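The numbering used here puts the first residue of the sequence shown at 1, with every later residue one more than the last.
Hints were generated in silico from the structure; no laboratory data involved.
Quantities reported herein were computed from a predicted structural model and do not represent experimental measurements.
Honestly, I wouldn't trust all of these hints.
As the list claims (entries may be wrong) - Derived DMTMM-like pairs (lysine to aspartate or glutamate); straight-line CA-CA distance at most 25 angstroms:
#1 K781 to E210
#2 K118 to E150
#3 K584 to D626
#4 K576 to D521
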Amino acid sequence: MHISLSRIWAKTEPYQSILTHSVLSGIVAQVIVKKMLVPGVQRKLRTALSCSEAQFADWIGYLVSLHDIGKVEGQFQYRWAPMKETMDKAGLTPAFFDPAPIRHEKTTGRCLRERIWKAWGDRSSVRFYAGILEVHHQGKSGAAGEQQNEGWNQMQEELEHRLRIRFLHSEELFLPQIAKKDQGSIGALLLGIVILSDWIASSDYFAQAETWFTQPDARERAERLTVQFLDASGLAAQAGSFGSEFHSVWPNIPVEGMRGVQKEVELLFQQVQERISLVLLEAPMGEGKTEAGIYAALQMGRQWGKCGFYVGLPTAATSNQMAGRMRTLMEMHHLPDSVRLLHSMAWLTDEGEEAPWPKFETEEERYASGWLLPARRGLLGSYAVGTVDQAMMSVLLVKYGVLRLLGLAEKTLVIDELHSYDVYMSAILHRLLVWCKALEIPVVLLSATLPPEKKEQMLSAYTSDPIPSCYPSVTAITESGNVLVRPVSHTEKRQSVEVNLFPILHEAEKIAAKAVELGRDGGCICILLNTVRQAREVFQAIKANGFDGELLLFHARFPAERRNQIERRCLKLFGKERSARPRKAILVATQVVEQSLDVDFDVMMTAVAPIDLLFQRLGREFRHNDTPRPPQFSAPQLAVLIPSRAGEFGADGLVYPPCLLLQSIHLLEQCRVIRVPEDLPALVARGYDPGAAPPEELERWLEHLMEDQVQAVTGGSYVIHEPEKGYTPIKEAEKVQFDDLESSSYLSVKTRFGEPTTRIALLPAERFAYFGKRSQKTGSKRVLAEVSRQEAREIMGASVSVRTKLLRPREGEFLSGRSMLEGVELYPGLADEHGRLSYTQADGSRIVMDRDLGVFFKDGDADEGVI
């Protein structure tokens with residue numbers, strides 16, 4: 001061969017030789033180890049690999065540097081025109097050339113297994129490490145390149161030798177032996193480091209690397225640029241000193257003001273003799289579980305050598321509020337701007353993030369860029385809040401899910417509102433907890449009303465021991481599997497709640513009249529309904545009734561910016577700060593106020609729901625002891641709306657299983673006064689117990705249980721294997737089916753059991769035309785990729801998620817977003833005399849955006865009410 005390694009290409013625009021890119025990737029990996037990986041992750045890797053601290057960083061650099069050795073091969077090199085010309089002149093034209101199916105990463109795996117590492121005695125380790133490098137591009141199909149050309153083979157061996165000398169500082173090969181039980185967890189971590197290192201080395205931070213790579217300070221320069229990338233992207237570890245006492249973590253809560261669950265958690269960590277793997281906090285609403293959970297998360301993180309936390313919540317709305325609370329905590333500890341918000345709408349809240357947007361010279365540019373979007377980046381940073389879906393994705397068969405595992409391994413995972421996740425999601429969450437145990441990720445679970453079966457399911461990931469029944473309580477499982485249960489003897493709220501059943505469900509005028517009657521002499525009332533359509537109808541009926549107080553509608557089908565405005569308005573009117581609390585108000589809402597929002601009402605009117613969710617809704621009533629209330633509301637009361645004809649639940653029966661709704665009605669008929677917290681555990685247990693139902697409802701229960709089994713099996717079919725039962729990165733990568741991009745319509749189906757959804761933005765015609773001029777035709781689509789962050793926020797603020805099957809756009813009339821707008825479709829809207837925007841679809845139906853009602857579909861003049 002008459003071609004030097006410096007002329008073998010790895011990147012073309014800008015050019016990077018294979019030697020430059022390989023060494024850069026190895027250096028980047030070493031910086032990641034030192035600047036990003038927290039002590040607990042470093043320790044786990046070093047222990048499993050039996051490496052000293054110095055050996056560990058060197059060996060990681062060596063392993064990562066080899067990831068593209070498969071590019072040193074004739075068929076791959078022949079793809080680039082300048083190299084093709086050189087090869088043709090040198091008589092090195094491949095015997096056959098079909099570039100499409102050639103995968104360089106598979107060539108990497110084969111040449112390491114079959115030649116370069118062939119002499120290494122431990123064949124299991126050879127297969128393991130080669131398999132990791134073989135899948136650093138996920139979900140790709142194709143074969144390895146040529147294997148009999150001695151010239152290319154010799155160049156591969158020369159490259160490996162030079163990388164061995166540079167990183168291992170020895171002529172001798174060294175591959176750490178790894179136990180089979182550790183291959184799943186360690187393989188995931190190593191693969192995550194390989195992928196991230198490759199992307200960073202392919203970013204425009206190193207665009208000019210070829211010009212300075214041979215200079216004496218090249219290594220220092222590469223390290224400096226990597227640190228700059230990690231800092232600018234928020235990926236560098238941010239250690240905080242929070243102290244071991246509850247008051248040191250939450251200085252705004254005096255010792256004498258600590259609540260029962262908070263005291264028990266503090267005593268747990270003062271008395272425990274070993275590291276704690278999992279903590280479950282069960283207590284009524286408003287008992288300070290969040291503060292207790294974060295305290296536990298930080299103490300567990302200190303035990304396990306972690307840095308920070310990820311708080312997963314059911315919805316984007318609850319994530320927004322929690323992010324604000326966590327940012328306040330960080331400010332108290334002089335760590336401002338540390339908490340990242342993780343969901344697709346995070347653009348609207350992370351106002352100050354204007355750092356330059358890196359470009360990536362890699363075939364996976366969309367994925368690499370996507371990992372710097374707010375929806376994912378925080379998983380690799382130290383402190384983040386978002387939807388629980390972002391954590392669940394780490395154990396699903398999606399591209400680059402290992403990056404999520406790597407991010408979670410750095411911190412403590414907190415899952416709030418555990419009771420709110422259905423059977424489908426619970427199957428995925430259980431697999432996530434299995435992985436957390438294997439990766440030594442401490443976990444905190446929070447719930448007010450957790451059914452016994454779900455509690456047993458979740459804790460089975462850590463122990464097979466029976467869990468004593470106790471409520472309220474703090475349950476901990478230690479590293480060795482010991483179960484510690486601490487009863488909470490004192491609760492802040494002890495209430496007797498009067499329950500009234502009103503058979504007016506689905507009758508908007510009667511619901512409106514009842515609410516207006518209740519609020520005639522003042523008071524703040526919440527009407528919580530199970531569907532958006534019912535909420536809209538009741539809101540319009542109250543408005544038509546001439547209600548003279550503050551009236552709001554809040555549901556998930558408002559454009560994101562408008563939804564944020566309503567959310568902030570609700571928190572201002574009904575939150576802890578009582579200066580703006582109205583004398584008379586009605587909020588009509590869906591489940592968006594059910595979870596984690598810190599709002600307080602004088603009366604809760606709610607559509608019937610499973611018993612534990614009714615208690616969640618009850619937690620938004622008489623929430624704060626010092627809230628001034630009208631004299632007629634001296635004690636909490638729960639008004640439950642039920643159908644006038646028994647069992648006819650209509651759309652509510654599509655949201656929740658009818659047997660659970662019937663069970664709630666039966667229980668409330670028997671228990672017209674509920675004592676909080678004494679009655680909660682027994683009622684929740686009976687609410688999910690078929691044995692407590694009347695015999696005539698057995699058939700409904702059997703249908704429900706069969707549906708649960710289907711959901712559980714379906715959820716389980718999309719997850720990766722357990723780390724100690726057959727997981728290997730190569731096997732999982734071959735099964736990867738779905739993109740880890742917002743445009744993947746199947747994403748919502750994988751984490752939530754339901755139909756695929758699409759995020760659309762309905763824009764005024766002139767704004768749509770403005771963006772349309774900047775779009776490009778890609779295949780059959782018009783794609784909008786280049787927008788400023790301000791423009792991206794504008795579009796995201798106008799966007800809402802709708803059911804995909806309802807979209808029937810006219811061909812060529814919408815734009816598909818890319819980059820910062822990944823997964824968003826833009827539609828032109830025409831304004832009517834009322835200021836509403838609407839878009840007429842190909843079938844004549846209209847998408848309507850109304851400021852007061854949200855987004856809905858109309859077929860002619862008939863409101864379909866389908867979203």
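Quick check: which numbered hints come out false for this structure? The structure breaks only hint 1.
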